[in-house]
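Asker: What follows is each chain in one-letter form.
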Amino acid sequence: MAGTASLLQAEALCLRLGGRRVVNAVSLALHGGEWAVLVGPNGAGKSTLLQLLAGLREADSGTVDLAGRRLSHWPARERAQRLAWLSQQGEADGDIAAHDVVRLGRLPRHGLFGAPDADDEVAVAAAMAETACSEFAERRLNELSGGERQRVLLARALAVGSPVLLLDEPTTHLDAPHQRALLRSLAARARRGAAVLSVLHDVTLALAADRVLVMDQGRLVADGAPADATLRAALVTVFGASFSVECVSSPAGPRWVALPAL
Amino acid sequence: MNTAPSARTSPAAATTVAAMAAGRRRSPLALALGLGGLALLLALLGLAAGAQGWSLAWGDEADLITAIRAPRTLGALLAGALLGLSGAIAQGLFRNPLADPYLLGSAAGAGLGVVLVLAARGLLGASLGLAASGLLLRLGLVGAAFAGALFGMALTLVLARGAGRPMVLLLAGVVVGVLLTALSDLVILLSPEALRGKQVFLLGSTSFFGWPSVVALAAVLALALPLAVKLSRTLDALVLGEASAASLGLPLPRLRLALVALMALATGTAVAQAGLVAFVGLVAPPLGRRRGVARHGALLALSALAGGALLLAADIAARTVIAPQELPVGVLTAVFGGGYLLWLLRQRMGR
Chain A
1039 MAGTASLLQA EALCLRLGGR RVVNAVSLAL HGGEWAVLVG PNGAGKSTLL
1089 QLLAGLREAD SGTVDLAGRR LSHWPARERA QRLAWLSQQG EADGDIAAHD
1139 VVRLGRLPRH GLFGAPDADD EVAVAAAMAE TACSEFAERR LNELSGGERQ
1189 RVLLARALAV GSPVLLLDEP TTHLDAPHQR ALLRSLAARA RRGAAVLSVL
1239 HDVTLALAAD RVLVMDQGRL VADGAPADAT LRAALVTVFG ASFSVECVSS
1289 PAGPRWVALP AL
Chain B
204 MNTAPSARTS PAAATTVAAM AAGRRRSPLA LALGLGGLAL LLALLGLAAG
254 AQGWSLAWGD EADLITAIRA PRTLGALLAG ALLGLSGAIA QGLFRNPLAD
304 PYLLGSAAGA GLGVVLVLAA RGLLGASLGL AASGLLLRLG LVGAAFAGAL
354 FGMALTLVLA RGAGRPMVLL LAGVVVGVLL TALSDLVILL SPEALRGKQV
404 FLLGSTSFFG WPSVVALAAV LALALPLAVK LSRTLDALVL GEASAASLGL
454 PLPRLRLALV ALMALATGTA VAQAGLVAFV GLVAPPLGRR RGVARHGALL
504 ALSALAGGAL LLAADIAART VIAPQELPVG VLTAVFGGGY LLWLLRQRMG
554 R
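One line per chain: the protein sequences are A and B, in this order. Taken in order, the first sequence gives residues 1039 to 1300; the numbers are from the numbering used here. Taken in order, the second sequence gives residues 204 to 554; the numbers are from the numbering used here.
Just so you know, the hints here were simulated from the structure itself, not pulled from any lab data.
Stretch by stretch, here's where chain A covers chain B in the computed footprint (C-beta under 8 Å, at least three residues): (1) 428 to 442; (2) 448 to 455.
Listed below are several chain B residues computed to face chain A (Cβ distance under 7 Å; list not exhaustive): (3) R492; (4) A497; (5) R498.
Being a predicted model, the structure only gives us computed values, none of them experimental. Glycine is no exception: its CB is placed at the ideal position from the N, C-alpha and C atoms.
The task is simple: from the sequences and hints, build the whole structure.
Answerer: Take a look at the structure:
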């Protein structure tokens, strides 16, 4: 966007799982300052693609570069400082306090044997304030509601302070005010130079991003701004015309919304 | 004679537990102080408990106390601490409150080692003098149990190709357990005299502790506890799930291997000295966790403390309940542990 070199670049990524091409020849580049979303029907390969981009899975073929260097060549800790990944909820469970979960986000900075310093505590407090979870900082993860837990896990990912943020369904379980707060803070992070890529289910929320990547059956079928008519057409097609995309005027200018077809 | 004081200790323990239950969130420090105080109290009781009743008269009994009761009391405390530590590592590593350090082949390995030594003694025993064979047997059993426990865990790790995948590791542990137990049974079939010795050893007993045992146990605890606490953030990160922990830049396969190795060392040492004392590793960690301690650094240390106090309490009970005879301590810990599991089951069903 800002004409910078891409922070994260994928070339011809392919991955087969159980004989199925889950990710099929996907190439994309993410730049600093970009707030992008990844959408597509269930089973399109979005989460798997995100894991490939985060280096958590190995592709059968293709490459991923982070800041110009092969992802697999980065030392694990340095990579973790530059790239934060948020998993789909469900795996995280335990009786660890919310505050300690968010502190884990600073682990890449101070290392396994180091201790968090004042800067780390400031970043932790800021991330918790950003997702409004400071008030239950001392409660345990398994005592929180789904939405509260999601805010804690989000704060964990934000606390890393990495230039690349890959988030898998960050709005899961969040109510409307917290969804809005989250999308605002992701957009704000992008404005400050981060590259944000997030899988989103809600198409209307997705259409508020700078850039929409549409995935279907392992392939990237469209990539562009919501204002792009071909992108909107592709979006409607991959979801089987279960909605139409309409333009409505708002005080902030025209907005695109998905209107469910009846 | 000896029933009155033991009856007095159980209400004391009960009030401690009640006090801990009342304060839902305790700081790790307060809990550590409470457990430490309990352990100290138990240690005094351990020094006083004898086959002829309770006494701490430092006159004619001084020899008895320094030669027998002191190493036994310290040994129980240390072996329990090692088992508690192993249990806390296992439960953090597998993210499962029912994970037990014996799961990974160590128990079956120790059993096989013991049976092999006993069978070999049956073959050689006739040619050796009785006293000499007794001492050799004791040394041989300790060594064989230790080597067997480590062998069982190593075999599990080889079968699972490292500690990278927890489920595979658990399954490999089950396979190794079945395999080595079958081998033990085969040896017993060929050499029936090994059976009794194996049973005595595997029931778990604190009655063999001498000063050398105490030194060995203390040395391993002094090594394993700080190292495990150093690595404990790995267990914290695993709460987020495998992939999230990996995304934090942690070299999980290597860290998990290091933690399994520490667990093997701690379990192997405790098993070699005390036999297969059941349930201490299972029950000690939740004592800390249920009181609100969640960071694994504190949890590991508290589990060691709780395990030590638990095994010492069981040891004192084993010595006194049917004095002048003794119960195998493993029977008592199994009763405690079984009761705890039942209670856990009821809690889960109540939800």
